[in-house]
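Colleague: Residues per chain, in single letters:
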Amino acid sequence: MLKSRKTEILTALVLVGPFVALYAWMFLYPTIQMVHLSFMDAPLIGEGTWAGLKNYLKLFSDRIFRTAVINTAYFVLLTVIPGTVVALVIALMVSRLNGWLQSVILAMFFVPYVLPVTVVYFIWDWLVNVQFGVLQPLIEQFTGRPINIWRTIPWFMPAVAIITIWWTNGFSILLFLAGIRNIPKEVYEAAALDGASRSQVFWRITWPLLWPVTVLCLTIQLILQLKIFDQVYLFSRGGRTQVTMVLVQYIYEQAFQRNNGGYAATIAVALFVIVVGFSLLQLQAARFRRSM
Amino acid sequence: MTAPAAAERPAGRRHFDTGSLLLTALTVITACIWFFPIYWALVTSFRPEDETVKTMSPLPLQPTLDAYIYMIENSNLLVWYLNSTIVSVSVTVLVVLLSACCGYAISQLRFPGRTALWWMILASFMIPVPALIVNHFIIIADVGLVNTHLGIILPMLIAPVTAIVYKQFFDTVPREFREAAVMDGANEFQLLFRIFLPMNWGITTALAIITFIGAWNSFLWPFLAAQSERMMTMTVGIRSVQDAWGVYYAKLLAGAVLAGFPVAAAYLLFQRRVTQAITLSAGIKG
Chain A
449 MLKSRKTEIL TALVLVGPFV ALYAWMFLYP TIQMVHLSFM DAPLIGEGTW
499 AGLKNYLKLF SDRIFRTAVI NTAYFVLLTV IPGTVVALVI ALMVSRLNGW
549 LQSVILAMFF VPYVLPVTVV YFIWDWLVNV QFGVLQPLIE QFTGRPINIW
599 RTIPWFMPAV AIITIWWTNG FSILLFLAGI RNIPKEVYEA AALDGASRSQ
649 VFWRITWPLL WPVTVLCLTI QLILQLKIFD QVYLFSRGGR TQVTMVLVQY
699 IYEQAFQRNN GGYAATIAVA LFVIVVGFSL LQLQAARFRR SM
Chain B
9 MTAPAAAERP AGRRHFDTGS LLLTALTVIT ACIWFFPIYW ALVTSFRPED
59 ETVKTMSPLP LQPTLDAYIY MIENSNLLVW YLNSTIVSVS VTVLVVLLSA
109 CCGYAISQLR FPGRTALWWM ILASFMIPVP ALIVNHFIII ADVGLVNTHL
159 GIILPMLIAP VTAIVYKQFF DTVPREFREA AVMDGANEFQ LLFRIFLPMN
209 WGITTALAII TFIGAWNSFL WPFLAAQSER MMTMTVGIRS VQDAWGVYYA
259 KLLAGAVLAG FPVAAAYLLF QRRVTQAITL SAGIKG
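Quick note, the sequences are listed as chains A and B, same order. Its first residue numbered 449, the first sequence is counted upward by one per residue in our numbering. Its first residue numbered 9, the second sequence is counted upward by one per residue in our numbering.
Here chain B stands alone, though its shape is the one from the complex (with noise of 0.2 Å):
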């Protein structure tokens, strides 16, 4: 049984390896053209505008940062940059620092309505928020918030997921690290910022990440609170520039490219924590 097995072993190698070698090529054939579109944004935006008409050339002939300088000098961009952090920023940390806390409690503690909060947050996860944008905006009209960053930031807390995630993982501490801790003397509070927390730094991280990420790119919700241009975010904000200048499409691009920069640079940087982040909120084990 063996012995033809093995005579067979080395022809079947190095078709094996023909193969092999062709399936690779194959895949990277295939992430060149799946990367091509951001590509061709790239070399549009460093092209002069008349240019981006006239040559389809892999490369800008003239490369300039024209575009990118007029659109930071002729549009509210900064400004968009701006909101588009605070409001980011807001979210991330409130969604973080409230789902991590009522997390811990459901986790840890005893409570009434313990059972009840679970099971409403669990149930939450299945509601549609776009179904919610109208009484949203009554809402956040009712207290005047309509076009303010406060308006804009409410309704984006609503993330059923972060403590979903922060309950399963606090459910995994040993018993005798809070034992320990309590004889020690320690209160919930510092059983939660010295000792659970930091034993998770890394889904705090992969969480906040994606927060901030996903609160970055958020349309709709930014889109209908902000109606000032002063107050929109960066992805509310650049499409207004196509109404105003045309289709322009180098400085287009070049703000695109702009819009992207902030959250393309955190997933290229923090690349294993967003897979984490994304593996872990759809419940698969990494």
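Here chain A stands alone, though its shape is the one from the complex (with noise of 0.2 Å):
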């Protein structure tokens, strides 16, 4: 018996061995360092001396970190409550369908999920080219101009949400399609038989039903969303970079551009921050609902 116990006890160290060592190695230790680095005066690569919070105290006078954290704050507020009721919206419409309609349908809403970033932004550079876009013809009707989007200020962000929300919604659509599938045919039946109108269904029958889909779809696209670095990047590249900052991008730019490791590192754990707190706050929110 104690030689079994033995051999479970290594048998699992040697399963979970690999698995340990990276997350020790990819993982554990650049968070540590991470934290240590912000604390340095350092370059990228190379000797830094201790610096204290020196770093910390430039943040809070930092005007471009001021603007990352508000551009940040902007396409969040732009994506993530929007996405999510298109993305619910969506979800009620193909969930009428049936058969190869509804996979047709759905495949057409759910691909541009699967394409790499770049190729959305190629997509959609050319859509809204100032001189040949194909969508040009139908902003000018707004505007009475043609409008170059990637180098106008006010369109720039809008712009990037709608095409964020557009790439990024089919993990939104399956969530809810799911959630609209768990809720059991015989409470749609019973309404029918009360007579509840179409409205009256949706209201009182399936938008509470789905409530638990709708938070995790907000919450997960909130966490991922103050992440956001590829689609702002391409689209602002030979622009005015620093008007249209956010966090992600400007940690790129401190750390590979710049060249300094030490207040890179500061504004990662800033983001850092930012992310795990929001994290922690819907945990605590899921656990309150929980217990009510």
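Note that these hints are calculated values from the structure, not bench results. For every residue, glycine included, the Cβ atom is placed at its ideal position computed from N, Cα and C. A couple of the hints might just be wrong.
Stated by the list, open to error - One side only, chain A facing chain B, incomplete, derived with CB under 7 Å:
| # | residue |
| --- | --- |
| 1 | ALA460 |
| 2 | LEU463 |
| 3 | VAL464 |
| 4 | PRO478 |
| 5 | MET541 |
| 6 | TRP574 |
| 7 | ILE628 |
| 8 | ALA716 |
| 9 | PHE720 |
| 10 | VAL721 |
From the two separate chains plus the hints, produce the assembled complex.
Modeller: Written as structure tokens, this is what we have:
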């Protein structure tokens, strides 16, 4: 018995060993190093000197950092709730269909989600090209002239947000569809017997029963969009990037373009605290709801 | 009570049908609008370059493969394909294997540190990986792996969700399976690879496909780690074409179509598995 207990532990160590080693090397170690580096005056590669709280104090007076926080928050505002609402509407529309029609329509809505970001960038850059873009006539309807979206600051974030919703919404659509399928048929049959109207069915049955999925979508999107980099980086290339800066992009710029490893780590710690903070808040909220 | 309801039903149903038809039509139109950007990219990629700026016709006037041929002959596209394949396949195999082993041990075995490990995996779920890019780069540079496949792969192996999904699935396997196999003298490795994994092939396929798509599409880390053009993955590489050639949209979009093709095909072939993987990783029963 004692021997088998020993083999069990040994086997377990062999099984989790590689995973734990990798986690320690690529996850725990860089996390600790990040905090350490944030207190240093250091280039990206090479020796640094202890700087105490200097980087953190700099953070508070740094105007670009403030812009990055505001832009990231703005982007979250433009994508999270609108995206979730759009996904819910699409999921409701798709869930009514059956058979091959449902598969085809769902695929049309979902396929952008699997595309690489660069592909999404090329597609949309062409669609809204200021001279030859097929969407420019549509834009002209509102503005009276073609707009160079990526170089017109007020248009930039909303445009990137719309493209992001187009690109990533497949995920939320699938979650909503799963949620809709999990609603028992009997509930709708009972409502039909009681002569409930379409809007009554939605507001009294579907919406409340989908609320947990809605909260799930919102939190997943929130955490995801706080980490926005790819799209903003690609679309703002060559433009006034300091105005459209977002947090991860600022980490990238400080570390890889200005060679300020220490200060980049400080911004990374800020992002870290923001994301973990929201995650914990969401966990607390979930626990609170369960206890009610 | 029943009589008036029955009398009203035919009228009610006809009303319902027109509404239903309208909604279906609206759904189809919305889907077409949603899909239009991809359609337009495909159309543009089959035009001759000078046609892209002359017409907005819904189909190419003179369909041609010129843009594709030019792209393949004049860029490192095939090298990027190879790099992307090496990186994505390695990441997929390693993530699935490591997560399956780890998930199995946590689910089926008792060992010191088991609870701590489980909590660490759960906690790591909320840590933003992009915050770690600076230190990932420093670590990879320290061991001299910048601009190598291994250097691109290593930080991409952190995938707590896969381990969580495996653990939860192994938890649902009835205890009797395990006991019967142990009686027959099977060891833990045989249990995992001959019984538990084959029992859940569907899960493994689903997780593998979604990991592959994620790895193929990842941009930020490969973009930092691959510094020479010959080390770039497809996602990073085709962007550099724009700098080299300027705005030749038929060619750029031909490149985009080629870059997106493997993942789009993977999705279309395994639609049900992708759906399953996504609902699983979000913690919903499909």
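Colleague: It remains to establish, for every hint, whether it holds in the given structure.
Modeller: Hint check:
no. : hint   : in the structure
1   : ALA460 : holds (4 Å)
2   : LEU463 : holds (4 Å)
3   : VAL464 : holds (5 Å)
4   : PRO478 : holds (4 Å)
5   : MET541 : holds (4 Å)
6   : TRP574 : holds (5 Å)
7   : ILE628 : violated (11 Å)
8   : ALA716 : holds (4 Å)
9   : PHE720 : holds (5 Å)
10  : VAL721 : violated (9 Å)
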